[in-house]
Every structure is written in structure tokens, then in C-alpha cells.
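Chemist: What follows is the residue order along each chain.
Number of protein chains: 2
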Amino acid sequence: MKRPSKFATTPEPPYYAVIFTSLRTDADDGYARVAERMVELATGQPGFLGVESVRDAEGFGITVSYWSSTGAIAHWKAHAEHVAAQEMGMRTWYAHYELRVARVERAYAR
Amino acid sequence: MKRPSKFATTPEPPYYAVIFTSLRTDADDGYARVAERMVELATGQPGFLGVESVRDAEGFGITVSYWSSTGAIAHWKAHAEHVAAQEMGMRTWYAHYELRVARVERAYAR
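Those protein sequences? They're chains A and B, same order as listed.
Heads up: the first sequence begins at 1 in the numbering used here, then just goes up one per residue.
Heads up: the second sequence begins at 1 in the numbering used here, then just goes up one per residue.
Quick caveat, the hints were computed from the structure, so don't treat them as lab data.
The list makes no distinction among identical chains, and a pair is therefore deemed to hold if it is satisfied within one copy or across any two copies.
Think about it this way: if two alpha-carbon atoms lie no more than 25 angstroms apart in a straight line, the pair counts; the simulated SDA-like pairs of lysine to any residue are:
1) K77 with A109
2) K77 with R103
3) K77 with T43
4) K77 with M88
Since the structure is predicted, the reported quantities are computational estimates derived from the model, not experimental observations.
Could you build all of it, start to finish, from the sequences and the hints given here?
Modeler: As C-alpha cells, then:
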């Protein structure tokens, strides 16, 4: 079966996951454009393995990005354009969010 | 600020996350009822910490459940009613899924 494209293709564990759970505000202010740009930018970062993302009609979303190491995550977190986006996120786009960094130990697919 | 209820309230790390990414088929066959029952059942399991779940209009979804230990995850995986639901999931409800077990090492909220 062809793998649907919303799934990330990740290597054998171990690797890392950043689980970002968020509730959007009603404020737009360029959100969609920046969100798209962040995915494009992340994809080019060292150690980026993939991303899976979904948001429902009420604005609640989960984005999981996968990385080869905690160093790769720290590098991406500190990227200047990403820092600016994080600040807009905190100030304007998200009513609440949770961010968790986790080490993937086992993985299955079907 | 009142925490929106779709977010899980988890303790300080470390704890475990089960990241379940899935694409639904068009088959219904009791899916919504069983999905709701599984959340209800999981909530009562030893070591259950919380769950966050979202599915978009195209049937792509991410559910992250949080657990105190890998033993708690194994215990839930082997629960008879859950095993039956897993089999229906593989056979009927999911066109594709990915399941990852990860150890949460750091967490932030805002």
C-alpha cells in the first residue's frame, strides 16, 4: 500500500519526538503563512526526520516533529526565524500550548 | 487562565507517551462508540496520566496518551477489550497507522 503522505517516514529508534499540543486563538495575523514556512524551514535543518500535524475545526492541534538528537532540536529551537515565530506564537496565535520532548524507544506501523 | 480541557495534565517528567498517528478508512462499524469507550477504559487503567487527541476532516488523526511507565503501557495493550478494539482497528477502521512509544524527558507549557 502506498503510504499516505501525512505520515512521517522515520528510521529505526532511538530518535527524538517534539510533541507540540496547542489551541489557536482567533487571531490570524499571518499564521498560516508562517506555519507553512516553519515546516519548510524545519525540513532543511540538520537532524530533521519528519513531521506529522493535525488541527481540528475548533483550533486544537497536535504537531509531532521527529529529530535525530536533542542537539538537533536545540539547534532548530535557536534558529533566528523560528525564534521570531515562537514569539508570535506565544503572544498572538496560541491561547495555550504544551511542548514535550521525548525519546522514541519503539515504533510500529501498519 | 483556565486550562482548556483538551490538554492533558501531566506530572513532571520522566513519563511515557504513546504517539498513535492514523488515517481512518470510510468504514464506520461502531468506530465512534468504541473509540469513546477506549478513552473511558484507558482513563481507569493503572499508570494512565492523560490523553490528547485530534482528527481532521480528512480522517488523519494523532492521539497521544501519557503513562507512568512502560509496564503500564504493556498492561493497557494487553487489556482484553482493548485487544479486540486493536483488531477491529487493524482490520476495518485504519487505512494506515504508526505507533511510537517514547520517554518524555522535558516538558513546557504556556
